[in-house]
Amino acid sequence: MTPAVQVSSLWKFYGDYPALKDVTLDAPPGACLALIGRNGAGKTTLLRTVAGFSRPGKGAISVFGAPPRDAGTRRYMGYIGHGISVYDELSALENLVLYGKLYGLADPRRSALEWLERTGLERVKNGLVREFSRGMRQRLAVARAFLHEPKVLLLDEPFTALDDRAIAVLQGVLREALAAGKTIVMSTHQLREALELATHVALLNRGQVAFHGPCTPEMVSDPGWVYARYGEG
Amino acid sequence: MAFARQVFVIMAKDLRAELRTKEAINASLSFALVVLLLFSFAFDPDEETVRTISGGLLWIVFAFAGTLLLNRSFARELNNDCLDALISAPIPGAALFLGKALANFVLVLAVELIALPLFGVFYNVHWTTQFGQLMLVILLATWGMTVTGTIFSALTVNIRLREVMLPILNFPILIPALLGAMQLTSALVAGQPITSANESWLKMLIGFDIMYTAVSLVLVEVILVS
Numbered sequence: 001m002t003p004a005v006q007v008s009s010l011w012k013f014y015g016d017y018p019a020l021k022d023v024t025l026d027a028p029p030g031a032c033l034a035l036i037g038r039n040g041a042g043k044t045t046l047l048r049t050v051a052g053f054s055r056p057g058k059g060a061i062s063v064f065g066a067p068p069r070d071a072g073t074r075r076y077m078g079y080i081g082h083g084i085s086v087y088d089e090l091s092a093l094e095n096l097v098l099y100g101k102l103y104g105l106a107d108p109r110r111s112a113l114e115w116l117e118r119t120g121l122e123r124v125k126n127g128l129v130r131e132f133s134r135g136m137r138q139r140l141a142v143a144r145a146f147l148h149e150p151k152v153l154l155l156d157e158p159f160t161a162l163d164d165r166a167i168a169v170l171q172g173v174l175r176e177a178l179a180a181g182k183t184i185v186m187s188t189h190q191l192r193e194a195l196e197l198a199t200h201v202a203l204l205n206r207g208q209v210a211f212h213g214p215c216t217p218e219m220v221s222d223p224g225w226v227y228a229r230y231g232e233g
Numbered sequence: 001m002a003f004a005r006q007v008f009v010i011m012a013k014d015l016r017a018e019l020r021t022k023e024a025i026n027a028s029l030s031f032a033l034v035v036l037l038l039f040s041f042a043f044d045p046d047e048e049t050v051r052t053i054s055g056g057l058l059w060i061v062f063a064f065a066g067t068l069l070l071n072r073s074f075a076r077e078l079n080n081d082c083l084d085a086l087i088s089a090p091i092p093g094a095a096l097f098l099g100k101a102l103a104n105f106v107l108v109l110a111v112e113l114i115a116l117p118l119f120g121v122f123y124n125v126h127w128t129t130q131f132g133q134l135m136l137v138i139l140l141a142t143w144g145m146t147v148t149g150t151i152f153s154a155l156t157v158n159i160r161l162r163e164v165m166l167p168i169l170n171f172p173i174l175i176p177a178l179l180g181a182m183q184l185t186s187a188l189v190a191g192q193p194i195t196s197a198n199e200s201w202l203k204m205l206i207g208f209d210i211m212y213t214a215v216s217l218v219l220v221e222v223i224l225v226s
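In order, the protein sequence lines correspond to chains A and B. Take 1 as the starting number for the first sequence in my numbering and just add one per residue. Take 1 as the starting number for the second sequence in my numbering and just add one per residue.
A couple of the hints might just be wrong.
[To be verified] Among the chain A residues that face chain B by a calculated CB cut under 10 Å, a handful are:
#, residue
1, R55
2, K58
3, G59
4, D70
5, R74
6, M77
7, L90
8, M136
9, R137
10, Y230
Don't read these hints as lab results, they were simulated from the structure. In this text, a Cβ means the ideal position worked out from N, Cα and C, and glycines have one as well.
Could you build the full structure based on these sequences and the hints that come with them?
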């Protein structure tokens, strides 16, 4: 079976500094791969390279067998990074309709309204994002990333700085996505939340894969176990 | 058809965002008007002086005022990491570039068309004598300025000193277009139409626009994905 995400012998350099060193890992379709590691381990670089924002120095990346920069591949990938990726000057509805049009949805307005309802933002749909609270902005970011029903979700620290409601919304849509057979790759420091969802774990250490394999009961019961076993301590 | 729709979506988004805040357009317009006013005090606006300086003065003002708008083009996308979302959307880099360039063109042109009548008043110039040809020159030179400014805005978006770097990179490239626009504008404002003696400047402007539009469309994907 073609892996949903396959990374083969990936190197990424910033100048002479290798941020990723010979990284090889994959995520089968329907898996949830938790990328863990200390700050600076290369998690964000790896996710950004898989998302196609950044070119590999060496090695290859494929998403369902195709390069990440193919327009067809991008159509079924969703990404949540450190920013919310919505425009402060536009309303919540305008933002989602904009992305719906860019993803070529048949009825961007209907999809936008559906996701505003799912994230509890339908009452403020015409409010400008710059007037939103932090929690509302985060929920809108979730709606933006899921709007086009992506088959592969790349999430960079998705639980960081979320309020309780946004965490509940995100966990809900992630569980639904996994139940629907979608693939999730997420980097995280919130091991407990991540390992509850993860089917696979990859531990990055100074740009290298220290461990990559299925999520085991030991990891779920003791989130620090994988660091103690495979990390640098 | 899909490409044209994507270009329009990006253009409409940029125009809507700018018209909601009016940050860049207000700064650009204020700059243009203040410089035109200050120079009107510096020069005695007799007919000969105006004939000599009008094209140069006007295009220097337009170029610097335009830079204030062009600087914001891709920098606007840094807020909330919107550039990531645009790069990950399934649209070609060329559509993103062209949408942004068209939005910039509309905004820069708006500033120029507001500044032009005031230039006429401050310098006592009958700039409408060759109105059609003057508009043609303004459209061509503004597109050239917009295309190079937009691509350099993409190139400098992640640089901390991008406000300084954009004019440093853009103006040397723009020299041929600005030179042509200045020569033609000086003649047209003085009431002289474009003739065989100076139409080579017009051809040069057209060539500049075609060349830099083509180069930008090819390079933008490489620039955006580092």
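For each hint, the structure was consulted:
no.	hint	result
1	R55	6 Å, holds
2	K58	15 Å, violated
3	G59	16 Å, violated
4	D70	9 Å, holds
5	R74	4 Å, holds
6	M77	7 Å, holds
7	L90	6 Å, holds
8	M136	13 Å, violated
9	R137	8 Å, holds
10	Y230	30 Å, violated
Checked against the numbered hints listed earlier, the structure breaks hints 2, 3, 8, 10; every other hint is satisfied.
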